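These protein sequence lines are chains A and B, in that order.
Residue numbers are given in our numbering: position 152 of the first sequence equals residue 152, and the series is strictly consecutive.
Residue numbers are given in our numbering: position 237 of the second sequence equals residue 237, and the series is strictly consecutive.
Quick caveat, the hints were computed from the structure, so don't treat them as lab data.
Fair warning: this is a prediction, and the values are worked out from it, not measured in the lab.
There is no bait here: all hints are sound.
Taking lysine to any residue pairs in the SDA-like style, the calculated list, with each CA pair at most 25 Å apart, reads:
#1 A/31 with B/155
#2 A/31 with B/256
#3 B/354 with A/35
#4 B/187 with B/239
#5 B/354 with A/34
#6 B/354 with A/41
#7 A/112 with A/155
#8 A/31 with B/247
Chain A regions said to be covered by chain B (calculated; three or more residues, Cβ under 8 Å):
#9 3-10
#10 41-50
Here are a few chain B residues that face chain A, going by a calculated C-beta distance under 7 Å:
#11 126
#12 130
#13 135
#14 136
#15 148
Even glycine gets a Cβ: it sits at the ideal position worked out from N, Cα and C.
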Amino acid sequence: MSLRSVNLPGVGTKYEFTTDRGDTVALFFTKTGTIQMYTLQRGCHTPSAAEMTPVEARRLGNILTGAIIEAENESVEIAFSALADLRISVHTYVIPKQVAGKTIEDLQIRTKTGVTIIAVSRREKNIINPPPSFVFEAGDGVLVIGETDQLKRFERDVMVR
Amino acid sequence: MEGIVLALFVCLILALVTKRYSLPPIPFYILGGILIGKSGLALVTSDEISHFFAQMGLIFLLFFMGLELRLDRIVQNPTVVVTSGIIELTIDMGVGFVAAYLLGFSLMDSFVIASAFYVTSTALAITSLIENRKLMMREAETIIWLMVFDDLVLIIILAVLAAANQNIIFLFLKIAAALAIMYYLAKYGKEFMVGILDRSDELPLLFTFGAVLTTASFAMYVGIPETLLVIALGIALGTTDPDAFEQHARPFRDVFLVVFFVFFGVTVDLTGQMDFFVVGIICLLAILSKMFSGFLIGLFVHGSALSGIEIGGSIIARGEFSIALASLYGSPPVAAIIAVMVVVTSIVGSFTAKYTGRLRRWMSSPGRRAAHRRVH
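Okay, chain A solo, but in the shape it has when bound (with noise of 0.2 Å):
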């Protein structure tokens, strides 16, 4: 697979690969603010055209990263290949009623699951770095950062009680 990115002056930015098959895939973030991508198979001349906002285009990008896509749960697993291989999960969840009310302390969260609570969004504010003496209320959304087996662990014990 090889990789070329250039600036096209008055359009904006194009990335393009081929597969190890052949096939081409081309994206341009314009100027307008859309994006749009391009797949050519390969022997073919006319390629076919998508065109998405950046949100639909982000949502396009988790599921190619191989994360799970829900309505209110979204996550990227990011791998760094200079750590060796290190896989990292952040995933949201929705606070349901039976955890309302209780602190990151009282949930006794990193010492059970390993996971840690790295933001809070409450009424359209976020909250970083929440502190262990932070209290949930009922459709809080948290961002959680761990392995992917402390979060089937954080999902189990935690989110359902």
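Fit chain B to the known structure of chain A by using the hints.
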């Protein structure tokens, strides 16, 4: 003042219609201007305020062009850019000049017509590449770089036209001095400017507007054409934080440029001795000559006639820069001819740009090939 309000209202409606049906907006702004202006219902006349607004439109158009010209990028594939650029320049400029001169225009007028005839509309060509989803084609890159070449030639044309009635050496010295000042301001003021542009209050907008306006009025004060100096300012600021400047200059350009197009339409005189024969010939040649130069570029650069049709069909539309040349250096009859040429070519060009894609798909579709083989 009521004139501008009425003009803006007409623009708003035209913008909604053209966006709804993906039509090129520039010809419709001009037609709207013609309709409400001198040659139409005579509801609006140009006054000092509208003149100032239109002037701003022109200045911001050229400033923007300068911002996007990042000279360090041009050297990526010089042979392709230069080959295609020179083919286009010689053919279109040549055809335009000879035609205008044979039709009885003076040398100076012929040069203005030829320049407007040559300069393809960057905005229309690139928008149609995006909207018709042609960005992935190999011809798209050739067309995009061709537009950059056009911009560079336009700067030379503007310089030549500016120097036509001045002491060239003195003008050259003044321009060189102004460029040196700008270069040092961009080099040593970079951190200061980036600091201002990063703010989220009204300062970045105010700074961008002020910088462009100051440069333009400075140019007028020392007697250099402001068009050249604002392009130079764009290029100089393009070395600092071009994306931020584009973001902050865009609102000014968008609004003022529309006013510029409409009031160009308002002031154009189509009622005078408009020779329909002359206008018809210029428009027809404007289309044919671009088809031909595009065809040759396709043959020389991509070695394919189909590519040539594609490129030819994509570069027919003339637009903002032709109008700019007409409003700066065109006598009333020349401006009228350029106005009609821009309206005709931009509408025809938007259709050819759509159509070449279909033509190409049809030519390369397996069904047709099979049918073709059966015939032989």
